[in-house]
Amino acid sequence: MGVIVAARRNVSVSPRLYGPIAVLVGLLLWEFVGRFFDPLLFAPPSAVVQAWVGLVESGELPRAASVSLLALAMGFGTAIVVGLAIGMVMGLYQPAKHVLDIYVSTLMAAPMIALLPIIVLGFGLEVPGRAVIIFLFAVFTIIVNTEAGMSSIKAQYLEMARSFGLDRKQILLEIRLPNALPGILAGMRVALIRAISGMVVAELFLALTGIGYLLRLYGESFKTPELFAVIVTVVIVAVLASGLLNRLARRFSQWQRGMRWE
Amino acid sequence: MTAPTEPRGRLLRALVSPSPVGLFSGFPRRRWSQKTVLRLSSLLVFAVAWETFGRLDATLLLPPLSSVLEAFVAMLLDGTLIGALAVSLQGWAVGFGVSAVAGVWLGLLMARSPLVERVANPYLDALLAAPTIAFIPLFVVWFGLGLTARVSVIFCYAFTLVTVNSFAGIRGVDAGLIDMGRSFGLTGGRLFWKIVLPAALPLIVAGLRLGAARAFVGMVAADTVLVLVGIGALIAFYNATFRFPEMYAAILAVVLLAVAMVELLAYLQRRAFRWA
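Just so you know, the sequences run in chain order A and B.
Quick note: the first sequence, position 239, residue 239 per my numbering, numbers continuous.
Quick note: the second sequence, position 128, residue 128 per my numbering, numbers continuous.
Just so you know, these hints were derived from the structure itself, not from any lab.
Warning: the hint list may mix true and false statements.
[To be verified] Facing chain A, from chain B, some residues (calculated, C-beta under 8 Å):
| hint | residue |
| --- | --- |
| 1 | Leu38 |
| 2 | Leu44 |
| 3 | Ala47 |
| 4 | Phe72 |
| 5 | Pro122 |
| 6 | Leu124 |
| 7 | Pro137 |
| 8 | Leu138 |
| 9 | Val141 |
| 10 | Ile235 |
| 11 | Leu264 |
Where a beta carbon is used, it is the ideal one built from N, C-alpha and C, also for glycine.
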């Protein structure tokens with residue numbers, strides 16, 4: 001008992017290090033289980049890293065990633081443009097909101113995967129079809145968040161803007177957009193994750209190219225180190241991208257922080 | 001003063017009224033709001049457009065709405081839809097049930113112990129950001145193609161949301177409430193059950209609601225991508241045999257069920273927490 005207390009006092013770990021330490025311990029545990037119990041099902045991290053280096057050096061992973069990212073860029077890019085446009089129209093004009101609301105909220109709640117066969121019938125399995133799938137996975141989240149950001153502005157801000165003589169365009173650009181931006185960026189973070197899901201689904205289930213094909217190939221041949229390497233790559237890319245959008249959202253919401261408790 | 005014998009309900013009053021147009025004149029003339037008119041006409045335009053394009057389409061890829069609805073009713077009556085959905089919803093119920101229990105429990109542990117919170121946070125952050133669907137091939141390797149694999153996919157879809165929300169709910173309980181409970185002599189378990197849990201319940205239930213909806217998405221993913229069973233198998237079967245009205249009807253059933261579930265849970269939550 002005394003020893004434990006003493007040890008605690010000597011090795012004072014800063015609370016900020018708990019997270020990295022937790023990850024490190026998790027990795028060590030995984031390595032241990034993988035090595036000594038079941039290397040087939042739990043490929044140890046060392047083997048996964050080796051497999052990852054192999055996949056990169058052979059050019060397999062970069063090639064697959066470029067195929068996937070092309071469709072992702074097209075689908076997500078279109079989703080941003082269309083989602084912002086529709087969301088702004090819905091947020092600024094009540095009639096447009098009433099007309100479109102039922103479709104947006106239905107498709108927001110609906111499992112998009114169930115709609116895949118229809119998209120394939122309409123657009124095929126090549127890049128247009130995959131981009132459309134990614135687009136549909138992402139666009140409704142962007143619409144909903146843009147609409148919410150546009151319409152949830154405080155009446156005082158608008159009154160103030162009018163009393164300073166701003167016209168409609170200025171109100172939109174200088175009052176409404178900055179007010180909506182943090183929400184829009186938060187929505188884009190979620191939309192990006194959904195877009196990546198759509199990308200993987202399209203490739204895993206339908207087209208068998210890119211990252212999804214690698215997942216299926218290594219899953220079905222039980223090459224777990226390679227399978228883990230591909231999954232970890234997808235997860236790391238998703239985490240980095242969502243962290244980036246998170247930081248952006250926080251930066252653009254800084255001005256709101258001081259007036260939260262008014 | 002009205003006569004005491006007059007029936008109270010509007011419909012009943014209209015039915016027993018001697019006037020020939022009683023059924024309609026009994027209702028107050030209500031002007032439909034612009035919102036309702038726009039919504040209904042939007043739906044009507046959509047339905048008419050679908051029907052028209054469906055009839056014009058020579059490739060039969062888009063069947064007219066009427067034949068989709070016909071197939072929908074037929075499949076509902078002969079039990080095809082209900083049978084397939086029952087198989088799918090089995091996985092949903094187990095997966096969501098386990099994730100609800102485990103998520104609330106982990107959220108509680110995290111709220112009570114800073115160590116657990118700091119250890120769990122990096123993993124939860126990664127899982128929240130990661131596309132769950134990418135893990136499906138791994139689940140096949142680990143659990144095969146049976147109910148276990150489907151349940152674990154559904155679990156993963158719902159678990160993080162439930163955990164994060166119940167953590168936020170319990171952590172966010174007003175410190176003043178807890179102080180008050182303490183000053184009334186509550187400690188430990190009783191403090192938790194009487195003060196902390198009721199105060200945290202709205203957010204916990206919100207997390208469960210989001211988790212249930214996510215679990216439904218995971219269910220469709222598992223039944224389509226992992227292994228073709230239930231409603232996923234039904235859609236794939238009609239797709240492969242080119243029976244498009246039936247395929248659209250099955251997809252419609254999934255969409256309607258998802259929307260109904262989201263709306264129902266939101267309604268129940270509003271009803272239950274009117275005080276919050």
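Hint by hint, here is what the structure shows:
1. Residue-level restraint check for leucine 38 of chain B holds (minimum Cβ-Cβ distance to chain A is 4 Å; threshold 8 Å).
2. At a threshold of 8 Å, the smallest CB-CB gap from leucine 44 of chain B to chain A is about 11 Å, leaving the interface hint violated.
3. Interface restraint check: alanine 47 of chain B against chain A, minimum CB-CB distance 12 Å, threshold 8 Å, status violated.
4. The restraint placing phenylalanine 72 of chain B at the interface with chain A is violated, with a minimum CB-CB distance near 14 Å, outside the 8 Å limit.
5. Hint on proline 122 of chain B holds. Least Cβ distance to chain A is approximately 5 Å, under the 8 Å limit.
6. Given hint, leucine 124 of chain B at the interface with chain A, is violated; its Cβ is 11 Å from that chain's nearest Cβ, farther than 8 Å.
7. Given the 8 Å rule on beta carbons, the hint for proline 137 of chain B holds: about 3 Å separates it from the nearest Cβ of chain A.
8. Nearest Cβ of chain A to the Cβ of leucine 138 of chain B: about 6 Å, under the 8 Å cut. The hint holds.
9. Restraint check, valine 141 of chain B versus chain A: the minimum CB separation of about 6 Å is within 8 Å; hint holds.
10. The criterion of a C-beta within 8 Å of any C-beta in chain A is met by isoleucine 235 of chain B, whose closest approach is roughly 6 Å, and the hint holds.
11. A cut of 8 Å between beta carbons decides the hint on leucine 264 of chain B: the least distance to chain A is about 11 Å, and the hint is violated.
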